[in-house]
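**Student:** One-letter residues, chain by chain:
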Amino acid sequence: MNAMSDAGLRVLSYSEAIREAMAIAMEADPTVILMGEDIGVYGGAFQVTLDLVDRFGKDRVMDTPISELGGAGVAVGAALTGLKPIYEFQFSDFAMLAMEQIVNQAAKLRYMLGGEASVPVVFRLPSGSGTGAAAQHSQSIEAWFGHVPGLKVLQPATPEDAKGMLLAALADPDPVMIFEHKLLYKMKGPVPEGSYHTPIGKALVRRAGTDVTIVAGSIMVHRALEAAEKLAAEGINAEVIDLRSIRPIDHETILASVRKTGRLMVVYEGVKAFGVGAEISAMVAESDAFDYLDAPILRLGAADAPVPYNPDLERAAVPQVDTIEAAARRLARREV
Amino acid sequence: MTAAEAISADNRPFAIRTYAPAQLREALRRMYLIRRFEEGAEDSYMRGLIHGTMHLSIGQEASAMATCMELTDADKITSTHRGHGHCIAKGADVGRMFAEFFGKETGYCHGRGGSMHIADVRTGNLGANGIVGGGLPIAVGAALTAKRLGRDDVTVCFFGDGANNEGAFHEALNMAAVWKLPVVFVCENNRYGMSTPAAYATAVRNIADRAVAYAMPGVTVDGNDFSAVAEAVHIAVARARAGEGPSLVENLTYRWRGHSKSDRNRYRTKEEIEEWMARDPIARFRAELIAHGILDEAGADAIAADAVATVEAGIAFAKDSPSPAVTDVTRYVYAES
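Chains as they are written, first to last, in our numbering: chain L, 1 to 336; chain S, 1 to 337.
The hints are simulated quantities; they were obtained by calculation from the structure and are not laboratory data. Treat the hints loosely; a few may be bogus.
What the hints assert, rightly or not - When the alpha-carbon atoms are kept at most 30 angstroms apart in a straight line, the in silico BS3-like pairs for lysine-lysine are as follows:
hint: 1; chain 1: L; residue 1: K58; chain 2: S; residue 2: K147
hint: 2; chain 1: L; residue 1: K58; chain 2: S; residue 2: K180
hint: 3; chain 1: L; residue 1: K260; chain 2: L; residue 2: K272
hint: 4; chain 1: S; residue 1: K180; chain 2: S; residue 2: K147
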């Protein structure tokens with residue numbers, strides 16, 4: 001752990017990077033507090049807040065009762081009056097218990113009050129499938145919040161972004177939801193020291209290519225990159241864009257890539273229908289980039305079903321490296 | 001006679017013996033202002049100057065005003081869909097309120113919120129709320145801020161009998177008690193959640209009885225009796241400021257008007273409404289002030305006339321104010337950089 005890489009960057013896991021961001025923010029700003037279920041001595045369901053209660057005390061690392069609506073609402077009220085709370089939902093699925101406070105209150109208060117109020121709350125939401133936790137602990141509901149003006153919705157794919165996005169979210173005067181992928185918590189990668197911000201609303205080209213554009217977020221970025229390497233062996237050069245932010249969405253980076261490749265595929269873990277892919281596809285179809293398309297747009301999302309328990313079914317329910325590879329190949333060969 | 005004996009021998013109502021005459025006269029002025037404001041809003045609605053809907057608090061003025069007697073601008077309130085009275089009691093300017101109802105740029109929310117989101121952050125009013133129970137957890141959060149930052153300000157959370165059956169009520173009161181936060185939950189029990197009687201919808205006899213489930217004091221008072229409300233809130237605010245935690249105060253009151261503009265009053269009788277109108281909280285408070293020599297009839301009339309003039313000026317200000325530019329429809333969704 002914490003080994004120095006050749007580039008002078010330390011290698012941290014995704015969860016260590018998030019924890020480091022929280023610690024940096026709490027050291028620098030006494031108004032930053034953590035709230036959530038079992039985030040104190042237990043360290044959180046995924047151990048992301050491990051040991052922070054020892055460093056900052058129970059007044060700043062607050063275990064909440066199992067009251068998601070109330071807990072989120074307390075965070076909203078605290079943010080409205082001068083604190084910067086980071087509220088951890090134990091699973092993103094549990095945000096449904098708090099929709100009222102997230103959607104009706106946090107997202108709308110600035111607008112309803114004509115700019116006279118600010119709600120700088122950060123919600124952290126462990127998300128995604130692949131853990132065998134079945135239908136109520138495995139969902140990817142980030143697109144729901146993409147439909148809500150007033151929110152910002154982020155999906156870090158790497159430890160570096162996980163830290164930089166959380167610090168950027170804390171500096172942002174509006175409510176930010178960060179969907180962290182449970183399967184990425186143990187993933188390691190280089191992370192800069194100190195404080196830095198990953199810009200909110202800026203996508204990143206993770207792999208440059210010329211033949212097909214694959215837009216992905218969160219863990220799907222890694223699956224898309226793996227698929228792209230396999231395709232490269234057969235002469236198909238895919239460009240992989242890490243979306244990073246669902247709201248606001250970086251139109252320009254996507255459009256520039258589509259103008260270059262003429263082929264677009266969107267890969268996401270949420271249910272395919274009415275999802276991130278629909279928004280991006282429509283955005284491209286409405287733009288000048290439409291004229292550059294040489295093939296129909298493809299969406300790869302989750303099956304039209306709750307996330308199943310059986311491991312084979314669970315795997316089949318969401319895009320995997322092989323399905324992404326096959327779909328990109330068909331798209332590149334104009335077999336769609 | 002010792003000071004303590006002098007106080008115990010003082011049989012005057014709580015408000016009379018506690019607040020200075022100028023404070024009491026100002027309280028009466030604001031109660032008249034609430035009544036005339038609500039009537040002015042209703043009239044403006046009938047004339048088509050205000051669209052949408054609104055929820056009038058006529059008949060509940062003592063609850064709003066007596067609750068706010070102990071509060072400074074540093075103290076916060078969260079309000080409800082029936083929140084015009086709270087806003088005025090906390091110190092808002094009725095001209096800017098009317099401007100908001102008229103959808104004007106000079107309104108408190110620059111015309112984006114209207115009646116159901118009226119707020120005045122400067123005087124500590126964090127806003128009305130269109131969601132029943134929406135303000136309950138927010139109030140607890142505001143109280144958490146005060147405690148965390150070591151400030152001694154308190155938050156008063158207004159809510160109605162309807163909200164006491166929302167899950168947010170349970171979660172908010174429990175957390176406030178667990179963390180001993182400086183918040184006072186003030187239930188304005190006006191007997192109906194829209195058309196549904198509180199007695200039908202709530203399993204306990206008094207909503208304040210629910211306080212025992214959260215290990216906090218709970219008291220039910222005549223919400224149309226200014227002094228009764230002021231005394232109950234005084235005790236609760238003192239407890240909150242002393243760091244002893246939250247309280248629940250239930251003000252039994254009644255709204256003379258319907259729930260909203262769509263109400264046909266099919267769920268209650270004319271006799272019931274008239275019975276409650278006879279318990280007019282403003283007339284009672286006015287009579288009390290005169291009886292105790294705080295002012296005379298002429299002085300009370302002058303205060304009432306002042307409220308009329310203030311409301312007229314407020315409506316004129318709203319009428320003359322500009323509307324927001326249509327091109328600004330997405331302004332205020334996010335902070336402007």
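**Student:** Please go over all the hints and tell whether each is borne out by the structure.
**Tutor:** Each hint, compared with the structure:
no. : hint              : result
1   : L:K58 <-> S:K147  : holds (13 angstroms)
2   : L:K58 <-> S:K180  : holds (14 angstroms)
3   : L:K260 <-> L:K272 : holds (25 angstroms)
4   : S:K180 <-> S:K147 : holds (9 angstroms)
In summary, this structure violates none of the numbered hints.
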